[in-house]
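Student: Given next are the chains, with one letter for each unit.
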Amino acid sequence: MANEDVKVGRQAEEDKGALGDSRPGTIKFLTGLGAAAHALRMADIDVASSYPIRPYTGVMMMLSMMAARGELDLEFVHGEGEHGQLGIAHGASSAGARAMTGSSGVGVVYAMEVYSPISGGRCPVQMVIADRTLDPPGDFGSEHTDALSTRDQGWMLGWAHTPQEVFDNTLMYYRIGEDPRVYLPQMNCQDGYFISHIPQRVVVPTQEEVNSFLPPLEFPDALDPLNPLGHGPQIFPGQGHVLEATRVNAMMGTFPVIDEVVNDFNKRFGTSYDPFVEQYKCSDAEYVIFISGGHAFTGKFAVDHMREKGMKIGLVRTRWVRPWPTDYLADILSKFKAIGVVETNNSFGAARQCGILTLEVATTLYQCDNKPVLTAFMAGLGGEVIRLDEFYYMGDVLKDAAAKGSTERTAYWIGFHNV
Amino acid sequence: MIEITVWCTGVIQDKEGRDVCLVLTEAAFNEGKFTQAFDNYVDLPDRINVQVRKYARISDTVIENVFEYENHKPNIIGVTEATIMKGINVCYGIQPGSVLVINTTKDPEELLKYVPAKQKKNLKAVATIDALGIAPEQLIDYSGSEGAEDASAIGGGLGAAMAGAIAAVSGLVKKESVLAAAANRTAAKRGYDEVKIKQL
Amino acid sequence: MKTRFKKYTVEIPEEMAIPFAGIVESPKPNGEQPMMLTGGWRIYRPVIDSEKCVMCKSCVLACPDATVLLVDGGNKIGFNLDYCKGCGLCTWVCPVNAIDRVPELDFEDGVPFQDALFLLPHVEALYAD
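Residue numbers (my numbering), protein chains in the order written: chain Z, 39 to 457; chain D, 12 to 211; chain G, 5 to 133.
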């Protein structure tokens with residue numbers, strides 16, 4: 039919003055509760071895209087490959103401006119499409135560069151072929167995704183189906199719910215993905231428009247602090263003309279399942295690394311991120327809203343207001359979709375009486391006509407002795423906002439479900455069933 | 012909470028319309044308010060001269076409906092190109108005691124005919140300001156609309172004069188605050204001083 | 005079994021219905037698209053001086069929105085002001101400078117007046133008092 043920085047002061051002091059902690063640093067008014075661009079600048083990325091599509095375009099505009107002004111030593115390569123864009127990032131990362139790319143909506147799925155080669159090649163590329171609804175009808179609005187469609191491609195995948203978290207995730211994701219125990223690409227997702235375009239306060243740490251948190255990338259077997267290597271060769275069927283097993287191990291092996299990195303981040307920057315799952319007012323909650331992504335911001339205010347009315351409601355926000363924090367979530371979710379999963383995605387014809395997250399949550403709970411009532415709230419589809427009163431409706435449904443032990447529907451469509 | 016909606020023309024005044032909101036929220040933020048300035052979500056902003064809305068919210072308490080992408084009950088309406096009023100009811104949804112500020116060389120009375128009676132009864136004041144005369148340069152900078160930081164200074168032209176005029180008519184922020192928030196201090200000052208107000 | 009299936013469908017209220025597959029009607033023969041009135045974009049209105057006009061029809065071909073019309077049995081040039089965006093191309097291509105650009109606010113009529121842009125029923129409800 040403002041180009042001039044405002045030093046920490048009154049506003050940061052007041053900033054408690056649903057808005058998160060106060061922390062030292064310089065305050066800027068940034069959109070999610072602006073936050074990502076500043077974090078990428080401070081992460082000293084080497085290569086960015088771009089192709090324009092709304093709403094993510096702004097991050098590339100800012101990076102190219104930063105490169106032009108000499109604030110960042112960056113190889114800025116423009117792809118001929120998203121497929122080529124991901125190919126450029128793949129090549130750059132193979133050569134040992136800290137590479138980033140990004141896209142939105144149909145752009146994300148146009149690049150579908152290249153995701154598995156990048157993750158299989160263990161290239162720690164970071165992709166900034168600002169979600170956009172898939173066509174039809176060329177809707178600019180946010181919906182998570184684009185990035186969630188790639189969830190089986192071996193990339194780490196998680197959502198931020200404020201521009202501040204976008205900034206912090208950008209740094210944390212690189213450190214996790216570039217850890218020698220991991221080496222995996224990461225999708226750093228944010229809701230299009232709601233996070234990507236609405237400026238909010240972001241605390242920006244100093245370059246020295248970032249440098250000490252995020253060391254330069256050490257990529258083994260980087261492409262080097264003096265030491266020729268073959269990346270991505272043909273292998274035999276008898277090796278295929280072994281390679282897949284190493285990829286699974288890499289992904290499932292991220293849990294201790296995530297835990298370590300997020301805790302280190304909290305220590306250095308004065309934040310209080312939970313490594314995997316944020317629990318908002320859950321300690322005595324009987325029923326919770328389960329959510330991923332930006333609408334948790336509104337959801338927290340809604341939970342505050344519902345609690346003022348005496349409802350025992352909480353909000354659980356997963357910070358990761360891949361890897362899915364199964365055991366953490368099983369521990370957390372199995373103690374509630376009812377869970378409503380807010381789906382900002384759609385999986386047409388899925389079990390119980392719910393979205394993608396409910397499928398994961400149901401699988402998570404299947405191992406538990408106590409199985410809460412589970413229902414889906416199809417909300418924010420096509421990029422529609424989820425208003426406070428719509429969260430209140432969800433709260434009423436959940437309260438009822440907790441009392442009765444069942445729900446009328448397997449999926450409630452917000453905007454239809456609440457009117 | 013005070014809601015501000017600024018109507019501007021696509022592409023040509025995209026930056027200026029946004030600057031009105033940015034200057035006012037910056038000024039209010041420095042006065043200790045909670046603020047939000049945000050771009051349109053449903054208009055078709057990259058068509059030249061299409062009607063585009065830019066929004067701001069200024070509040071004494073935390074703004075909770077940050078993601079609601081339209082101001083449904085605005086209190087202040089800015090119009091950076093008077094002709095827009097001929098085709099659109101810019102005051103749709105305004106609350107009692109609202110103000111309307113228009114960039115034009117005409118007198119306020121002349122443009123009241125484009126406000127339907129239902130909205131007119133909610134207007135406290137209508138004002139005009141020759142913002143284009145004060146700051147004739149209209150910079151085309153699209154970066155802010157794409158979610159990036161603005162590549163050029165905030166409040167460098169027409170937008171500063173409009174913001175000054177809105178501050179004068181509404182009393183929303185102090186004169187010093189709005190002057191300090193605009194890159195073009197002179198334009199903001201002239202906007203504040205030269206606005207023609209008709210109380211209703 | 006029928007009731008069992010019904011649980012999984014979403015009942016769409018009639019006022020919220022949209023066309024099959026979101027398909028929009030093709031523009032009417034005269035080029036009009038009532039969902040997308042563009043006359044409100046116009047700041048300068050094209051005004052033709054029929055005395056000067058030589059009926060070369062360059063403006064008819066140049067108009068990107070097919071809003072320059074042949075009227076009066078094809079003997080005169082007219083404009084569809086509901087859709088003319090005021091881009092000024094007709095003025096630009098006219099070989100005899102017969103088309104003037106006059107500020108729209110100098111005229112009383114000529115622009116369709118809308119309450120708001122793209123007002124869907126459930127959005128309209130949010131604006132209600």
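Keep in mind the hints are simulated off the structure, nothing from the lab.
Glycine is no exception: its CB is placed at the ideal position from the N, C-alpha and C atoms.
A couple of the hints might just be wrong.
[Unchecked claim] A few chain Z residues facing chain G, derived, Cβ under 10 Å:
hint, residue
1, SER187
2, CYS320
3, ARG345
4, GLY348
5, LEU426
6, ARG447
7, TRP451
Student: Hint numbers the structure violates, sorted upward?
Tutor: Violated hints (numbers, rising): 1, 2, 3, 4 and 5; every other hint is consistent with the structure.
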